[in-house]
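Colleague: With the hints as extra help, turn the sequences into a complete structure.
Protein sequences appear in the order of chains A and B.
Under UniProt numbering, think of the first position of the first sequence as 1, with each following residue one higher.
Under UniProt numbering, think of the first position of the second sequence as 1, with each following residue one higher.
Just so you know, these hints were derived from the structure itself, not from any lab.
Just so it is clear, the structure is predicted and the values come from calculations on it, not from any experiment.
Heads up, the beta-carbon is just placed ideally off N, CA and C, and yes, glycines get one too.
Treat the hints with care, as some may be off.
Unchecked claim - With a cut-off of at most 30 Å between alpha-carbon atoms, the simulated DSSO-like pairs for lysine-lysine come out as follows:
no. : chain 1 : residue 1 : chain 2 : residue 2
1   : A       : 130       : A       : 80
2   : A       : 266       : B       : 155
3   : A       : 418       : A       : 381
4   : A       : 334       : B       : 155
5   : A       : 381       : A       : 358
6   : A       : 283       : A       : 326
Unchecked claim - Chain B is faced by these chain A residues, among others (derived, beta-carbon under 7 Å):
no. : residue
7   : 84
8   : 88
9   : 98
10  : 113
11  : 119
12  : 253
13  : 354
14  : 355
15  : 395
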Amino acid sequence: MQRRNSRWLIGTGLAVAGALTLSACGSGSGFGDTADAGGELTSDSAQGLNVLIGSSGDAETASVNAAVAAWSEKTGTDAKVSVASDLNQQLAQGFAAQKPADVFYLSTDALAGYASNGSLLAYGDELANKDDFYPSLVNSFTYDGEFYCAPKDFSTLGLVINTDLWAQAGLTDADIPTTWDELAAVSKTLTTDTQVGLALGGEYARLGAFMAQAGGSLMNEDNTEATANSAESVAGLEYAQTLLNDGVMSYASEIGAGWGGEAFGKQLSAMTIEGNWITGAMKSDFPAVNYTVAELPAGPEGQGTLQFTNCWGIAADSPNQAAALKLVEQLTSKDAQLTFSEDFGPMPSIQSAADEWKNANPTLVAFLDGADYAQGVPNVKGAADVTSDLNAQLESLKTGDAQAILDSVQKNLEALLK
Amino acid sequence: MSTPARTPRRSGIRGGETASGWLFTAPMIILLGLFLVIPVLMALWVSFSDWNGRGSPFGGTVSFVGLDNYSALVGGGGLAEQDFGTALRNNAWYVLLVVPIQTMLSLLLAVLVNRQILRGRGFFRTAFYFPSVTSSVAITVLWLFLFSASGAVNKLLAFIGVNGPNWFNDPSGVLHNLLGAFGVETGPAALTGNTFLGISFWEWLAGPSVAMSAFILMAVFTTSGTFMLLFIAALQNLSGDVVEAAMMDGANGWQRFWRVTLPQLRPTLFTVLTLGLIGAWQVFDQIYTGTQGGPGKTTLTPAYLSYQAAFTNQAWGQGAAIAFILFVIIVVFTLLQRWLLAERGVSARRMRPYLPIPTSGGSK
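Modeller: Written out as structure tokens, the structure is:
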């Protein structure tokens with residue numbers, strides 16, 4: 001018995017010693033000397049740059065590859081683009097190992113988590129083209145008062161209308177809805193036995209536009225205060241509830257589609273509320289459907305839409321931050337963004353490219369016009385959990401209580417701000 | 001002094017065997033230690049620390065926070081507790097339905113294909129085993145198609161006049177729906193008013209959602225084949241003479257199965273139930289590729305929640321804590337089930353019919 005005990009002791013001792021050895025290796029690679037905004041950027045030019053992207057497809061991969069290769073050739077700094085299969089996971093592994101990609105796509109959801117643990121370089125204020133970005137986009141990537149990363153591009157929601165079904169129902173261009181009442185009216189006209197007037201995804205990222213039109217939001221502009229259960233927010237959600245209960249609007253999932261674009265493309269609905277990414281899906285999956293894009297109608301407090309964006313993150317542990325910054329400046333320049341837009345469709349994040357973009361995409365102007373009044377999604381740490389909880393509750397909005405739903409969101413958001 | 005007494009045991013012809021033993025097992029011990037034991041210990045530490053995902057979890061900036069991560073999950077009152085409660089609720093229903101159904105089904109299939117008179121046994125064995133060797137990701141994608149709103153399953157249901165649900169988009173609980181059919185829409189205040197782990201008892205009793213039910217069917221479909229194989233192996237190991245003896249005693253087929261075959265399968269039953277329990281509590285692939293916890297968080301499971309907490313929310317301590325709570329749950333269930341299946345002496349009451357009856361005159 002005694003012998004067995006001592007063996008166990010030896011075994012446990014070995015395991016603990018092993019763990020300690022590993023930990024020593026881990027922490028040996030140097031802690032603490034990370035550059036903050038305003039500090040000196042690292043510039044070990046012997047090291048090439050690794051760019052990690054979460055690509056939507058071949059077109060995007062090829063386009064980013066070409067842009068980075070062109071920059072690499074011009075500056076003589078090596079740069080390699082890799083496509084992540086699971087961006088969040090690969091980023092997390094890189095940060096934990098302290099060997100992250102130097103430049104990477106970063107979503108508004110992920111910003112707070114990485115910014116708060118010091119993984120990100122807050123380089124926004126050092127960008128040469130800093131003042132050219134839309135202010136609302138800069139807000140989305142500002143955490144704790146610091147502008148962390150350059151918005152890569154953005155999208156807004158618009159009202160997408162099937163022109164053939166529109167004409168069949170006897171509607172003309174003059175009938176394109178500009179108010180809530182008009183939206184309800186045309187949705188009703190367009191609803192038939194085989195199609196619903198308006199279909200959209202049953203989530204905050206779509207229904208939130210109604211809240212914005214009513215003057216509400218989940219959080220204030222600076223993400224310092226929760227405003228989810230304000231009377232305005234509730235009014236927006238209740239309007240959506242009315243449309244659902246009148247049978248003139250449906251969630252895409254209720255009519256057998258994965259998202260609004262699919263419901264629209266399969267002509268299960270005559271209108272949908274989606275972002276500019278819908279153009280790609282329409283071109284590849286439903287080329288026969290004719291459509292037009294209009295701005296979302298105004299609610300009681302004027303126009304409102306939501307915007308979605310990603311930024312070019314730079315790692316605090318990057319050995320060559322100076323070159324990374326130069327690369328990002330190049331990738332967010334007017335020429336580069338207009339090329340990206342042509343190749344795979346996003347809207348440029350800088351104001352100076354707006355006119356050219358509108359000229360090149362006359363049918364999609366409504367999306368870019370939305371930038372003037374678009375609202376970002378909350379970016380405080382843990383906000384993604386709260387919105388996914390809200391999404392879960394919104395699935396049963398039809399029979400639910402808008403006030404109660406938003407009260408719970410308010411409670412959850414306030415807990416994050418403590 | 002006991003040392004002199006010990007020495008003789010080490011010497012002699014078998015003295016070197018201990019060393020060689022260790023030598024031969026060393027590669028596996030090192031591999032397991034490096035890739036299993038040490039990572040598990042590291043994760044255990046992370047669950048008690050405030051590590052935020054940057055650098056080594058043993059670095060200078062990481063500190064011990066005691067049970068903070070655990071208490072946020074089981075008593076924090078916030079979203080974390082609510083999500084964890086929801087995930088446990090979903091998975092508990094999943095286990096409750098998957099484990100018994102797959103065990104019974106696999107036993108039934110094993111008995112069927114083990115019959116000597118069945119023609120084409122090989123074909124059936126392969127057919128039943130086939131889903132088990134297919135990747136779970138592929139099957140999940142297949143399932144998403146089959147169970148879509150206008151998919152094959154709903155077409156079949158429509159054929160017999162049933163209006164099928166919108167499977168993977170329907171967050172309503174099956175039990176709630178059943179009660180709803182009898183006009184019970186909201187539960188009694190005692191159930192709706194009181195909560196456990198952030199969700200009300202009425203919600204605990206919702207049953208698996210329609211979406212989760214599709215996953216339950218899938219789990220049964222994919223794993224029954226594997227367990228059927230285990231049961232077949234066990235059935236072929238049983239000696240025929242016991243069954244023959246039972247036949248001679250006049251036991252019919254039903255009695256032979258329940259009283260003779262099944263008790264002999266007890267060790268296999270234990271294996272199947274244990275593997276089933278572990279697999280069912282750790283369900284992850286299907287959720288990750290299929291629904292990501294939706295609709296309405298009704299397919300969220302602790303394993304997926306752990307991944308999500310760590311990798312998308314950077315709450316690494318909480319993610320690790322979920323994993324260890326899950327570990328404890330699995331161990332407790334396994335021990336409980338071991339105790340339930342343990343061999344016990346037959347009680348006198350149960351024994352009585354089998355004892356020779358002294359007053360009887362003789363055999364027929």
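Colleague: If you check each hint against the structure, which ones fail?
Modeller: Going through the list in order, the structure violates hints 4, 5, 6, 7, 13, 14 and respects the others.
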